[in-house]
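Protein chains in written order, with our numbering: chain A, 1425 to 1759; chain B, 1425 to 1759; chain C, 1425 to 1759; chain D, 1425 to 1759; chain E, 1425 to 1759; chain F, 1425 to 1759.
Note that these hints are calculated values from the structure, not bench results. There could be a bad hint or two in this list.
Which copy is meant is left open, because identical chains are indistinguishable; a pair holds if it fits in one copy or across any two.
Claimed, not checked - In the SDA-like style, the derived pairs of lysine to any residue whose C-alpha atoms are separated by at most 20 Å in a straight line are: (1) 1604 with 1757; (2) 1426 with 1715; (3) 1449 with 1638; (4) 1586 with 1549; (5) 1426 with 1735; (6) 1586 with 1653; (7) 1639 with 1508; (8) 1426 with 1608; (9) 1652 with 1427; (10) 1604 with 1759; (11) 1449 with 1754; (12) 1449 with 1670; (13) 1449 with 1557; (14) 1652 with 1687; (15) 1753 with 1654; (16) 1449 with 1583; (17) 1639 with 1613; (18) 1449 with 1629; (19) 1639 with 1628.
6 protein chains.
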Amino acid sequence: MKQNNYRHDVITLGETMLRLAAPSKQRLEQCSSLDMTVGGSELTVAANLAGIGAKTAWISRLPENPMGRFVANKAREQGVDTSRIVWTNDPDARVGLYFVEMGAKPRPSRVYYDRRNSAASRMTFAETNWSALLPEARIVHMSGITPALSESCAGLTFDLLKAAREEQCLVSFDLNYRSKLWSEGDAGECYRRLLPDIDILITNRYDCERFFSLKGDESEMAVELSDKYSIRIIAFTSGEAPAVWSGRWSASLWYDGEFFAAPEAEEIEVVDRFGAGDAFAAGLLKGVLEDDPETALQLGNAMAAISQTTFGDIAWIREHDLTDYFENKNFNIRR
Amino acid sequence: MKQNNYRHDVITLGETMLRLAAPSKQRLEQCSSLDMTVGGSELTVAANLAGIGAKTAWISRLPENPMGRFVANKAREQGVDTSRIVWTNDPDARVGLYFVEMGAKPRPSRVYYDRRNSAASRMTFAETNWSALLPEARIVHMSGITPALSESCAGLTFDLLKAAREEQCLVSFDLNYRSKLWSEGDAGECYRRLLPDIDILITNRYDCERFFSLKGDESEMAVELSDKYSIRIIAFTSGEAPAVWSGRWSASLWYDGEFFAAPEAEEIEVVDRFGAGDAFAAGLLKGVLEDDPETALQLGNAMAAISQTTFGDIAWIREHDLTDYFENKNFNIRR
Amino acid sequence: MKQNNYRHDVITLGETMLRLAAPSKQRLEQCSSLDMTVGGSELTVAANLAGIGAKTAWISRLPENPMGRFVANKAREQGVDTSRIVWTNDPDARVGLYFVEMGAKPRPSRVYYDRRNSAASRMTFAETNWSALLPEARIVHMSGITPALSESCAGLTFDLLKAAREEQCLVSFDLNYRSKLWSEGDAGECYRRLLPDIDILITNRYDCERFFSLKGDESEMAVELSDKYSIRIIAFTSGEAPAVWSGRWSASLWYDGEFFAAPEAEEIEVVDRFGAGDAFAAGLLKGVLEDDPETALQLGNAMAAISQTTFGDIAWIREHDLTDYFENKNFNIRR
Amino acid sequence: MKQNNYRHDVITLGETMLRLAAPSKQRLEQCSSLDMTVGGSELTVAANLAGIGAKTAWISRLPENPMGRFVANKAREQGVDTSRIVWTNDPDARVGLYFVEMGAKPRPSRVYYDRRNSAASRMTFAETNWSALLPEARIVHMSGITPALSESCAGLTFDLLKAAREEQCLVSFDLNYRSKLWSEGDAGECYRRLLPDIDILITNRYDCERFFSLKGDESEMAVELSDKYSIRIIAFTSGEAPAVWSGRWSASLWYDGEFFAAPEAEEIEVVDRFGAGDAFAAGLLKGVLEDDPETALQLGNAMAAISQTTFGDIAWIREHDLTDYFENKNFNIRR
Amino acid sequence: MKQNNYRHDVITLGETMLRLAAPSKQRLEQCSSLDMTVGGSELTVAANLAGIGAKTAWISRLPENPMGRFVANKAREQGVDTSRIVWTNDPDARVGLYFVEMGAKPRPSRVYYDRRNSAASRMTFAETNWSALLPEARIVHMSGITPALSESCAGLTFDLLKAAREEQCLVSFDLNYRSKLWSEGDAGECYRRLLPDIDILITNRYDCERFFSLKGDESEMAVELSDKYSIRIIAFTSGEAPAVWSGRWSASLWYDGEFFAAPEAEEIEVVDRFGAGDAFAAGLLKGVLEDDPETALQLGNAMAAISQTTFGDIAWIREHDLTDYFENKNFNIRR
Amino acid sequence: MKQNNYRHDVITLGETMLRLAAPSKQRLEQCSSLDMTVGGSELTVAANLAGIGAKTAWISRLPENPMGRFVANKAREQGVDTSRIVWTNDPDARVGLYFVEMGAKPRPSRVYYDRRNSAASRMTFAETNWSALLPEARIVHMSGITPALSESCAGLTFDLLKAAREEQCLVSFDLNYRSKLWSEGDAGECYRRLLPDIDILITNRYDCERFFSLKGDESEMAVELSDKYSIRIIAFTSGEAPAVWSGRWSASLWYDGEFFAAPEAEEIEVVDRFGAGDAFAAGLLKGVLEDDPETALQLGNAMAAISQTTFGDIAWIREHDLTDYFENKNFNIRR
């Protein structure tokens, strides 16, 4: 991997939407205001990485209007480089949205997407000057949401993964299957075409079964994926939801031929489950940047857990939170 | 029972009050604003039924002022027919109120009523044109709160139950004993006079003991009530409160001579325990409208559980919530 | 005109959107929550009419999801009959949106629409059973927004105006030109084709100049329009905005051959300028229902003024507000 | 007048209610929360006096429940002595309420009272140990609201005014006619019986005409009242409301035989017009305590003006506000 | 101990700060508003005692500005006598602050202090007229925070404890070690100098080990402390935090030679853990005022538990809450 | 001036504080939450410049804690380069604060500072690598607040102005006298020492009189200042406050020997007067970057006016706002 003195530790690309959530545990039909933040898997990864000290950029396509600027502002607020966002003046360009309704057992939390025809869904490979960007980046991270957005986004995904490889970037990919966007069949076909260009794969046992027809335990799956597609690093995440207000999180890791089993998952008091997987990805990549598999697994799991205790998709985790997490198992007030 | 093509599946009658609740788990003495919704057992039943597809009307008496209109607006918002509300221009007419303070173990939630002399407490049988309404209704539902409000309300209760019977409506009654309104002695006497006119009774084991001197388990109580008063359908509810933020709910059902034991109660993450019994009643009556005892019991229990996860007395449950409830026992985000 | 005993005094048809407004005079980029209400010219007319005692229905097309139900709930809350809404289960169906930013002089208030591809933009004439509805309605009201939404909506507009005429409904039409939706050329051509089917036209001097090439003062314009297209009733509105927090409103009226000049406009303290024109239309139509031109003009102007003092597009005006308005010109607290 | 070393400068007695106001300029029908403060003319006078350095007590009757304690807490927060409040454990005892809806021109602000049968309306003279209190008080202040509440409150008013006189307290009375509580005839009769026991009268020109059949300008009215009833100090207030968000206030004063004309009224930016008269009374009485008519008039007018710039009935005015008011006529930010 | 007819049951002295808390479980970096209450160990004790019927005063030093008055207002609101507060007009005088961020397992709640150079940190013994106050007080309560604030505060602590002893007040002291303010070494030295002047000590097992080198169980520690320093009453508190939203609390008590073991701790649903120790102290001192060790221990534990269910440092506990607590172990709604 | 291809158009340096404002026009003593934003003259200039397209950096000193990060986040959100902020881990380091209370005529808005001993007040020249920064900057902007903060800040001000000059940066300085921080005598002495190093001076007529003993009109003052100190560009601002909710703003400009008189000031509806001068400075400097005096004056005045219509010190102005401002004088809703 490229060393520490490059301009960007991690570049991510993808769509970010306005997240409009019913406040105070109300239902959407019931409320008279909505809490507005932003959400999008790849920006969340970049923001979480920036929060713990990595240099990150996020690339997307946004309309030149208050909603588009809102998204970019929130990325900048986190310390993410937004200078490569593609801005459009098309009066019909829109930011995608999703509505969120927080649940309580036995009523699950729910998301309602309104993201069709967003400006981001019209991203193309050609509109960004990759040859200036990629040589200065150590890792390029994408997710399986992008190829599902549109044909141009699928093309962009293939082209960017290849281009990143050629520029000696590590290529990271989080499968992140979204059934609202495409069928399992289409998704699997796409994923299988992408795998040969991926260095770091974030997936889970169930997706490995349905998309790659893998069997056995996670270490066996890792061996097979690694053999077949030359993937160096594979994380298998597992987030349990015994209830809405409590959860558990753990992941195992295959790293350059070695398998690290998932540590025991501790109970989490869940404020906002959204973005847990992206927080994991951020912690994982921080460890990869340090080329330390144990750090990668520990940080990934820590960030996924803490992320669920904070409101919004972005986790707002700082280094002192990780220190606290690893040093303390007492939950009195820290003064 | 009358079939499906009548104007109203269920007509309910009773008082609805403004519910003024301290927000954000504050105490009443501590807060500078109050969350305003509406609450009243019989409107809540009608609203919850409308939410899952039944045609309902609610009848009451309200002052022609913003607070009175607020109550009617909220009923209309739920799809309840409010065209038979009796409006008064008496400048002293008022909407009853109750103040709510949410608790946390070991401090229980508390209600403080301020409902004396409300417009609804002066309802009379004569001011509504029942002979036009009842022939078009399949079920008439009332509760044991109404006869406790005033003498005129007690008279209205007796007269309406009898009139409904005569028009071949099924008569449903939820005991709902309120110790602030009358003594156990007065209540018991009233209830025992009403029972012969009731087809569907919602009660619980403890009330059967103290008001009807019944003994034994719920199935034995059901047999005795059914024998003595010719009640076709009897539900015995049981809501446990091991803590304030968690609960359990279950009910058993006697239906045309058959006893259906209560299913095991699952844990509920409680947002707002208010209205659980009314949500049960709505689910039960939906099943009765379909003349299906298993549906009645399952829907009643499901709605009582989900109702506790939503803010306010009214449950805001829609058909997809029930589908979710019966199909899933995983509490991850539904996307 | 049909007399008072029909089912609906006024039926309106059109799109209603979620209105997402930055709270507390914040800018959109700055806020962390949005106030959610609903807005759409034709529903606002129906709601405002219902608020002052008319029987109204609103027809539109909505997705079967929380956002669609939110819109219908808010219509019901106002007492508008929503039973003829067309519901779609298409998972891609969406409710249109608009974002609102309140201004202060010298910064005007702004609207940002995100309404393309809404469920309502796919309304068709065929999906509603007009032959059951129109005979029971006295007035049918539409606006010039609907034909601009899509081809199917334009077709629906033409067909409905004709069908309403045939059923002896009075046809009311508010030009309501929206430059974001179509060009002046396209709009003018459409309007000119619609005029022969219109009984009641709401317009203004500037639109009469640019779309109908009229000249002279409003009374001269009225004569010409009336002569050419047989329009019985024409209102010319005039809303001034000398600042953002203060305004003036007045309108003149041509009614069955007689011209009523605009009364002097008084100063308005503006809370929310949105929906003033729709409030005028409601007041006007109330007067038309009573076939009283002076009432029509006075109520229209009163409602347009009061409407600007209340938050949201819908005016929440009740009969006592009108009494107050006409009786009092003192602004002390009414106790 | 008694000198400065008494326990209480001013004792006031009267009802205080919960004030439930629609927030953010919403209408009552429209809002989902209400801002809760307290309001009652006599407590407001005592609180405003305490805020500018006088020692005051307020006497009333309250239920021993959170709403009753809320009222007493808010009085204590202002530094008012609440130790003589009469507390009742009657489970039916209630705190009176009023609902507030803020207006905007041409829609006036509105109050809706719900105060019948309040605990305060059952106050009696006998339940307070006046012989211990009155010798230690310099001024006793009441208003014309109290005798209108109930027969027992009317009796209390008569008895207390007489008892205060006997103990050499100055007796202050603000007419404060409330048409919702009694007729002009009943009020006038009562006022005329009370006048002989009053040293300080707060009234206005219109009330002097309708209740005391006075004519002429304010100085002539003062001479006549003073001659007939031996009233030492008479204030004639005049609050204008050219709009809802702007106002003017002025008052003239008769003080021991001398007439002080009203200074010119300056424009006020009105946040909350409620309590302006009570703020005037507080300023006036502060001047009376210093036996300085010019101070009395200036402080009264200043406090009435500033009071309208603060949210709630109580004015939250501190001594530095008065310094600012008298020294500055520039409205830049004070840093 | 002095009997019941003294002016003050308990006088406390110490700093109170503004408490600025991120709302709705947000992180501090994330929020756009802060909830403002007040917090300070000794005022909290006085307020909690006043809430359950004791006569208390609180003494401190505050700037004459809105923030200083805010603190005093909130003390008065609770019924605490604030007449002995020392007010300063120094323009640089400030109220100390602390920022609060509520956590969720595995992220603990956090406090960030900004209290240096507060007006309270400059309190001196000389500026209060103790010889007028102490003879009228039964108990004087302080905490180990005060001597850590500054040299003058340390001097004040020593002098006041001695002066209180001389006036036959019972001297109560809560160790309350704050590591941000001083080292363990400095604190221990100070505490050991103070112990001989203390009658009532609130501490815990861990502090007894580190500051007083005690060993063994709590009863053995009590014997040793009591023997060595003649301390009559010693409470050992134990608050567990297995998670952030749930907790347990218990304490044991040494009282005039008798040891009362800690009762079993029940689970608490934690709204706000802040102030639990101060609520314990208040309950304990209430029992001491009645000279009843069992009441002292029960009330202390009850108040510490209930305190954690209410927002803010002050517990807002009233006598009916204690009745509920001791009579009920069911958590249904109390109507 | 350096041309357009430098890294930073404008670098500013100064303190930024947390701004804690009472919400909804409440008084500080009255509110239970505070709105938190950030405020500091020099960051506001940088942010406003970034908002209209300039490349800016802001330099300051902040503690490594949530409050320090909050300030930096908000700067980043605006697109300001924060990479040169000096971070301190001193546990006693604090962010300065100010409390804001919004007024209404006749009560002015008020600020209460709590900024002593802030981390920023300990800035030094030495801790920043100026030799790397200044060559890449076109303008360096400071204000007269910084030298008033502390001796080290005064030294930093002198040293930085000189160093910026040496590196051919244009030096901009806004006098911004703060009477709470130092005397007129000390300020004047400092200002007079700084003037020779300044290229762009923002001041007003009154300050020129009291600090530089200038007489005559603004053009005469400009000539004298320019002659004596070789200042190229001098702006004389004039913000009027006839009331709290309305204002006027204008400024005149001396630019390279030519005087541009102030255009007539139009009425502003004032949401938040804070930061108007900083918005002017940003507009002025934008014009200076384009070396266009007319643009400088127009943009300055436009931004100062619009800035008062937005909440917070930072103006959130975007290029479309300026287009609107210059093209339109009608205040209807822009759709």
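Do the hints match the structure? See the list:
no., hint, result
1, 1604 with 1757, "between (42 Å within a copy, 13 Å between copies)"
2, 1426 with 1715, "within (11 Å within a copy, 44 Å between copies)"
3, 1449 with 1638, "neither (39 Å within a copy, 41 Å between copies)"
4, 1586 with 1549, "within (11 Å within a copy, 48 Å between copies)"
5, 1426 with 1735, "neither (34 Å within a copy, 45 Å between copies)"
6, 1586 with 1653, "within (14 Å within a copy, 61 Å between copies)"
7, 1639 with 1508, "neither (41 Å within a copy, 52 Å between copies)"
8, 1426 with 1608, "neither (35 Å within a copy, 47 Å between copies)"
9, 1652 with 1427, "neither (28 Å within a copy, 56 Å between copies)"
10, 1604 with 1759, "between (45 Å within a copy, 7 Å between copies)"
11, 1449 with 1754, "between (28 Å within a copy, 19 Å between copies)"
12, 1449 with 1670, "both (15 Å within a copy, 15 Å between copies)"
13, 1449 with 1557, "neither (43 Å within a copy, 38 Å between copies)"
14, 1652 with 1687, "neither (27 Å within a copy, 50 Å between copies)"
15, 1753 with 1654, "neither (39 Å within a copy, 38 Å between copies)"
16, 1449 with 1583, "neither (42 Å within a copy, 42 Å between copies)"
17, 1639 with 1613, "within (18 Å within a copy, 66 Å between copies)"
18, 1449 with 1629, "neither (32 Å within a copy, 33 Å between copies)"
19, 1639 with 1628, "within (12 Å within a copy, 52 Å between copies)"
Hints 3, 5, 7, 8, 9, 13, 14, 15, 16, 18 from the earlier list are contradicted by this structure; the remaining hints agree with it.
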